[in-house]
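Based on the hints, put chain B in the right spot on chain A.
Line order of the protein sequences matches chains A and B.
Residues in the first sequence are numbered from 167 upward in steps of one, following the numbering used here.
Residues in the second sequence are numbered from 3 upward in steps of one, following the numbering used here.
No lab work stands behind these hints, which were simulated from the structure alone.
If you're wondering where the values come from, they're calculated on a predicted model, not measured in any experiment.
Any given hint could be a false lead.
[As the list claims (entries may be wrong)] Which bits of chain A does chain B cover? Going by a derived footprint, with three or more residues having C-beta under 8 Å, they are:
1) 170 to 180
2) 198 to 205
[What the hints assert, rightly or not] Some, not all, of what chain A presents toward chain B, calculated at C-beta under 7 Å:
3) L221
4) M222
5) T226
[To be verified] Negatives, chain A to chain B, calculated, CB over 12 Å:
6) W184
7) I185
8) Q189
9) S191
10) R223
11) L234
12) I238
13) D243
We put the CB at the ideal spot given by N, CA and C, even for glycine.
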Amino acid sequence: MKHVLKIFSLLVVISALWIGLLQASIIPQSHTWLLPIYFIVSLGCYGLLMVGVGLMRFPTCPQEALLLQQDIGEAKDFLKQRGVDVGSE
Amino acid sequence: MELADRAVGFLLSLISLSIFTYYTFWVIILPFVESDNFIHNYFLPQEYAILIPVCAGVVLLCFLCMFIGFVMLKFKKKKA
Numbered sequence: 167m168k169h170v171l172k173i174f175s176l177l178v179v180i181s182a183l184w185i186g187l188l189q190a191s192i193i194p195q196s197h198t199w200l201l202p203i204y205f206i207v208s209l210g211c212y213g214l215l216m217v218g219v220g221l222m223r224f225p226t227c228p229q230e231a232l233l234l235q236q237d238i239g240e241a242k243d244f245l246k247q248r249g250v251d252v253g254s255e
Numbered sequence: 003m004e005l006a007d008r009a010v011g012f013l014l015s016l017i018s019l020s021i022f023t024y025y026t027f028w029v030i031i032l033p034f035v036e037s038d039n040f041i042h043n044y045f046l047p048q049e050y051a052i053l054i055p056v057c058a059g060v061v062l063l064c065f066l067c068m069f070i071g072f073v074m075l076k077f078k079k080k081k082a
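One chain only, chain A, in its complex shape (with noise of 0.2 Å):
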């Protein structure tokens, strides 16, 4: 509940800002109607970008890999001698 009242105490604050900028025409006008859209696209970019860059630095651990699949093969060999069928081969 609290959560949702601070996202809410910030959009109002957002909200005034962009009512007092309206009246106060530090900017032209026509640019302050756009100023909500324009943060709104700019942050679905922001998101994308990072995930695109998130992707392109993802570690893949090529150590751990091998060290995995070794594992892999001496859980499957315990477990074919205690009779338990494995079944991927």
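This is chain B only, laid out in the frame that chain A set:
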């Protein structure tokens, strides 16, 4: 395998950067340029700068609602 991931990530970041620069240009810089400059030929009329994101948002919302409804129906049918 990781090359495909890298390529997809690079493509995504390229798309997002190009959309960001195009939209920034469209909304912020273009109103300050005179009407008969050649650069206006490369950008759609200004009404589309609002229409396209709003339409995309509405389509996304519809898609989300349809997906949720679909999953709920499938779950209810499986339970009964």
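Exercise. Quick one: see if chain B covers the segment 170 to 180 of chain A, three-plus residues with Cβ-Cβ under 8 Å.
Key: Since three or more residues must qualify, the claim that chain B covers the segment 170 to 180 of chain A is violated, with 0 doing so at under 8 Å.
Exercise. Identify whether the interface hint at L221(A) stands, where standing means a beta carbon of chain B within less than 7 Å of its own.
Key: Interface hint status for L221(A): holds (3 Å vs cutoff 7 Å).
Practice problem: Verify the interface restraint on T226(A): the C-beta must sit less than 7 Å from at least one C-beta of chain B. | Solution: This hint holds: T226(A) lies near chain B, its Cβ roughly 5 Å from the closest one there, short of 7 Å.
Quiz item: In terms of Cβ atoms, is chain B entirely out of 12 Å range of I238(A)?
Solution: About 18 Å separates I238(A) from the closest Cβ of chain B, which puts it past 12 Å; holds.
Quiz item: For D243(A), which was marked as not at the interface, is the minimum beta-carbon distance to chain B over 12 Å?
Solution: Nearest chain B Cβ is 27 Å from D243(A), so the label holds.
Quiz item: Looking at L234(A) again, its CB stays over 12 Å from all of chain B?
Solution: holds (15 Å)
Self-check item: Nearest-CB test (12 Å) between chain B and S191(A)
Solution: holds (15 Å)
Quiz item: Has the segment 198 to 205 of chain A got at least three residues whose CB is nearer than 8 Å to a CB belonging to chain B?
Solution: holds (count 3)
Quiz item: Taking C-beta pairs only, is I185(A) more than 12 Å away from all of chain B?
Solution: Holds, since 19 Å exceeds 12 Å.
Quiz item: Was W184(A) rightly flagged as not at the interface, with every chain B Cβ beyond 12 Å?
Solution: holds (15 Å)
Quiz prompt | 12 Å Cβ clearance of Q189(A) from chain B | solution = holds (20 Å)
Quiz prompt | Interface restraint verdict for M222(A) against chain B (beta-carbon cut-off 7 Å) | solution = holds (4 Å)
Against the hints set out earlier in the document, violations occur for numbers 1 and 10.
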